[in-house]
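Undergrad: Sequence:
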Amino acid sequence: MSKELLEELNTQVSTWSVMYAKLHNYHWYVKGPQFFTLHAKFEELYNEATLHMDEIAERILTLGGNPVATLKEHLEQSVVKEATGKENTEAMVQTLVDDFDKIMKSLKKGMDLAAEAGDDMTEDLLNATYQSIEKHQWMLNAFLGEDNK
82 MSKELLEELN
92 TQVSTWSVMY
102 AKLHNYHWYV
112 KGPQFFTLHA
122 KFEELYNEAT
132 LHMDEIAERI
142 LTLGGNPVAT
152 LKEHLEQSVV
162 KEATGKENTE
172 AMVQTLVDDF
182 DKIMKSLKKG
192 MDLAAEAGDD
202 MTEDLLNATY
212 QSIEKHQWML
222 NAFLGEDNK
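In the numbering used here, the protein residues as written are 82 to 230.
Take these hints with a grain of salt, some might be off.
Claimed, not checked - In silico lysine-lysine, DSS-like type, Cα no more than 27 Å apart, as pairs:
1) K186 to K153
2) K153 to K189
3) K167 to K84
4) K112 to K183
Stated by the list, open to error - Label pairs and their in silico Cβ distance ranges:
5) K162 to Q212: 21 to 29 Å
6) K167 to K84: 37 to 45 Å
7) D205 to F117: 14 to 22 Å
8) G166 to M202: 35 to 43 Å
9) L152 to K183: 18 to 26 Å
10) L225 to L144: 24 to 32 Å
11) F117 to K162: 24 to 32 Å
12) K183 to Q115: 32 to 40 Å
13) Y110 to T143: 32 to 40 Å
14) E227 to Y110: 18 to 26 Å
Worth flagging that the hints you see were computed from the coordinates, not collected in a lab. These numbers were taken from a predicted model, which means no experiment stands behind them. From the three backbone atoms N, C-alpha and C, an ideal C-beta is built for every residue, glycine too.
All chains, please: the whole structure from these sequences, using the hints.
TA: Structure below.
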């Protein structure tokens, strides 16, 4: 098992932990005409974040590694930052679009490392996560009225 792959998987665990907290923040504090739409979407996303974090942590354990499990480590190792608490509705959605870019780059790096290590199972797990995030990003971009890249 590649040490670099385990580190990238732990980056994902940390990132999903931070995303879970950020999405709860957005869920609780979204306001305005889009409240009902975004309140429900943010809940869907934080529930999915929990699943991603757990599946990747369990994969680390399966591979004989140790998933990071403290908030301090998660904040240090995440590719995204926690919510500021000052975001308006549009900023919340735009921040998630930008965060999903960072997460997909990390997932791609993990997929490449898993492929190099011949670890098809990890590569498949990260690929499924990537595809889910890519779809959410497309939907959020559509919400913002933007064309996808």
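Undergrad: Are the hints correct? Go through all of them and say.
TA: Status of the hints after comparison with the structure:
| no. | hint | verdict |
| --- | --- | --- |
| 1 | K186 to K153 | holds, 23 Å |
| 2 | K153 to K189 | holds, 25 Å |
| 3 | K167 to K84 | violated, 38 Å |
| 4 | K112 to K183 | holds, 26 Å |
| 5 | K162 to Q212: 21 to 29 Å | holds, 24 Å |
| 6 | K167 to K84: 37 to 45 Å | holds, 38 Å |
| 7 | D205 to F117: 14 to 22 Å | violated, 35 Å |
| 8 | G166 to M202: 35 to 43 Å | holds, 38 Å |
| 9 | L152 to K183: 18 to 26 Å | holds, 19 Å |
| 10 | L225 to L144: 24 to 32 Å | violated, 38 Å |
| 11 | F117 to K162: 24 to 32 Å | holds, 27 Å |
| 12 | K183 to Q115: 32 to 40 Å | violated, 24 Å |
| 13 | Y110 to T143: 32 to 40 Å | holds, 37 Å |
| 14 | E227 to Y110: 18 to 26 Å | holds, 23 Å |
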